[in-house]
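Now for the letters of each chain:
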Amino acid sequence: MAALVTFQDVCKYYHMGDSTVVAADHISFEIERGEFTAIVGSSGSGKSTCMNIIGCLDVPSEGTYFLSGQDVGQMNKNQLAEVRNEMLGFIFQQYNLLPKLNLLENVEIPLMYAGVPRGERRERALAALEQVGLGDKLRHKPMELSGGQQQRVSIARALVGKPAVILADEPTGALDSRTGREVLSMLQDLHSSGHTVVLITHDNSIAVQAQRIIRLEDGHVVYDGPADAPEAVVTPRAADMRGREHT
Amino acid sequence: MRITESFSLALKNIASSKVRTLLTMLGIIIGVAAVIVIVGLGNGLENYIADSFSSMGTNTLTVTVQSRGATRTMEVEDMYEIVEAHPQELELCSPTVSMMGGVKIGSETASASVSGVSEDYNDIYGYAIAQGRGLQYSDVASRAKVCVIGAYVNQAYFGGKAVGQTLRVGGQALSIVGVLEQREDSMNEGGSDDCLYLPYSTAARLGGSRVSSYVVTMVDEERIEQSQAVLEQALTDFFGSDDYYTIITMSELLDTMTGMINILVGVLAGIAAISLVVGGIGIMNIMLVSVTERTREIGVRKSLGAKERTIMEQFVIEAAVTSALGGLIGIALGYLLSAAATAVVARLMGEALAVAPTLFAVVMAFGISAGIGVLFGYLPAKKAARLNPIDALHYD
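Chains as they are written, first to last, in the numbering used here: chain A, 1 to 247; chain B, 248 to 643.
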């Protein structure tokens, strides 16, 4: 069976006035079902571009992206929306909950767009909120919750549609280190229960919580391997310098 | 996503910003209320005029003769002959000579309308005599200096005891031989009870003019057109041409008046409808602001699987619901103002003129306001639907 996520020479160009910015330059990798992968890089490395393409918010300029065997680059906007709804669960740095809706309604949104009937929707949203430990705050508005709790709601929202890939974009970026750790351990729990999790971060200490690291720099993959290997957290430039010391 | 869910979503959003929604709706509210009141006023005016006309009798034909240039001049006797020659269609006839003002009672000048008529006039219009007697054939034949007055003149100038007294019309003293029964519920100066009738022969001599206007009754009200045709034929035969007379039926006159009122109401309602358009632009403006404010929400919804059509639907429905809600409030306000206007008219004029909104106007006003919501919500909704989800997600 083919990999869940397949990048084949994916390139992404942005036109800024006269100049063209290369945000992704022939990036190739595969992510299998059940993997916990961190895509790491500093700003401008192309990790956001990767996340947008994996999340079907954007399509490659060149190369191909297969999600569960489907060529996303060939899809129209409606098909992309359907794929986002069915296959992907997003967790954002800023939580991105809708402030006017209560927690239950927030978690129901993906199911609503999927056309799930009201009763079933309510049940599934309730189950997802209970899974993240917020079963007692269903009628609260997001603003009445702490940052960590809000991020748990957004995890529930990401889970509720039973997506193939959970995509977490700097999920701990707005949290203090303790609640950040809680959220990370929640992601690890999801992984151990069989979910495919892709974590996008600039922070090595967070990236190492994953099983595998894909490191990007200037639109290239500079490392792709296990998170516990020493090279995983070392930038190539540092490796170069170390190499020079040895000679 | 089902359409009912779009509606409940729209209501939720509207409920969460009440003041803004109310201000947005204001243009629609005012426009709808104005249209309803104006159409109601026109409708009331039309009913009022129709009532007044039917009290004047709808079985009458009014003939005006312009003898100038004709080879024959028509005398009163000629007209009577024509009427008598067609007993199947035509019944009674009275010349009418209108005189302008000039009624003096003692040293006071009265405003009563003065008409010279025949002895049949009271029968033609069904006027009853309250005191004294009506005009008689002998009064007409002898050009008697007598008159019959309306109940208002009797009350206002003679304390209810006018019979036997005199007044002056155009300098000529006339003795009052009778008083008509009160016709209106409340008598007013210038109303139907403020009137004076004298023999047409007397009036023609006072005014120094030939009788040129007649009122003729029909035997059968259902055969207006045949009766009118018979009279026309007779008059054409008399003059040898149809250029020298006009026949007006009350129903024609009513149609003419109604037509004029309708034009007036149409113009006024059109002006009021402009405020509906202005209201629609207000809704568009607020929706555009709302789309900008909710860019992030739109990004989130798109990332969670909302299609362009779904986002579009959400915003169009929100605009339509806002507008339709404004329409409903406007309808309520319109009814309230109509009731108030009816009360004010009753107090000021003492006339029973009911400002009655028509169902048609109400349905139209509601339909147009909902339509305006859809129309002016479309552009902002399109803008929302087209937002790029990546940009929208990172919008602050």
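The hints are simulated quantities; they were obtained by calculation from the structure and are not laboratory data.
A virtual CB, placed ideally from N, CA and C, is assigned to each residue, including glycine.
Where hints are given, some of them may not hold.
[Stated by the list, open to error] Only pairs whose alpha carbons sit at most 25 Å apart, straight line, appear in this in silico SDA-like list of lysine to any residue:
id: 1; chain 1: A; residue 1: 162; chain 2: B; residue 2: 265
id: 2; chain 1: A; residue 1: 100; chain 2: B; residue 2: 475
id: 3; chain 1: A; residue 1: 162; chain 2: A; residue 2: 44
id: 4; chain 1: B; residue 1: 265; chain 2: A; residue 2: 140
[To be verified] Estimated spans, in silico, between C-beta atoms of each pair:
id: 5; chain 1: A; residue 1: 73; chain 2: B; residue 2: 606; range: 54 to 60 Å
id: 6; chain 1: A; residue 1: 135; chain 2: B; residue 2: 556; range: 30 to 36 Å
id: 7; chain 1: B; residue 1: 521; chain 2: A; residue 2: 42; range: 33 to 39 Å
id: 8; chain 1: B; residue 1: 295; chain 2: A; residue 2: 139; range: 30 to 36 Å
id: 9; chain 1: B; residue 1: 635; chain 2: A; residue 2: 9; range: 39 to 45 Å
id: 10; chain 1: B; residue 1: 556; chain 2: A; residue 2: 73; range: 18 to 24 Å
id: 11; chain 1: B; residue 1: 258; chain 2: A; residue 2: 182; range: 32 to 38 Å
Structure-based check of all given hints:
1. 162(A) x 265(B): violated (37 Å)
2. 100(A) x 475(B): Given that 25 Å is the threshold and the Cα spacing comes to 74 Å, the pair is violated.
3. 162(A) x 44(A): Distance ~32 Å between residue 162(A) and residue 44(A) Cα, so the pair is violated.
4. 265(B) x 140(A): holds (21 Å)
5. 73(A) x 606(B): 54 to 60 Å: holds (58 Å)
6. 135(A) x 556(B): 30 to 36 Å: About 34 Å separates the Cβ atoms of residue 135(A) and residue 556(B), which means 30 to 36 Å holds.
7. 521(B) x 42(A): 33 to 39 Å: Since residue 521(B) and residue 42(A) have Cβ atoms about 59 Å apart, the given range 33 to 39 Å is violated.
8. 295(B) x 139(A): 30 to 36 Å: Roughly 58 Å apart at Cβ, these two residues miss the hinted range, so it is violated.
9. 635(B) x 9(A): 39 to 45 Å: violated (24 Å)
10. 556(B) x 73(A): 18 to 24 Å: holds (22 Å)
11. 258(B) x 182(A): 32 to 38 Å: About 37 Å separates the Cβ atoms of residue 258(B) and residue 182(A), which means 32 to 38 Å holds.
Violated hints, listed in ascending order, are 1, 2, 3, 7, 8 and 9; each of the other numbered hints is respected by the structure.
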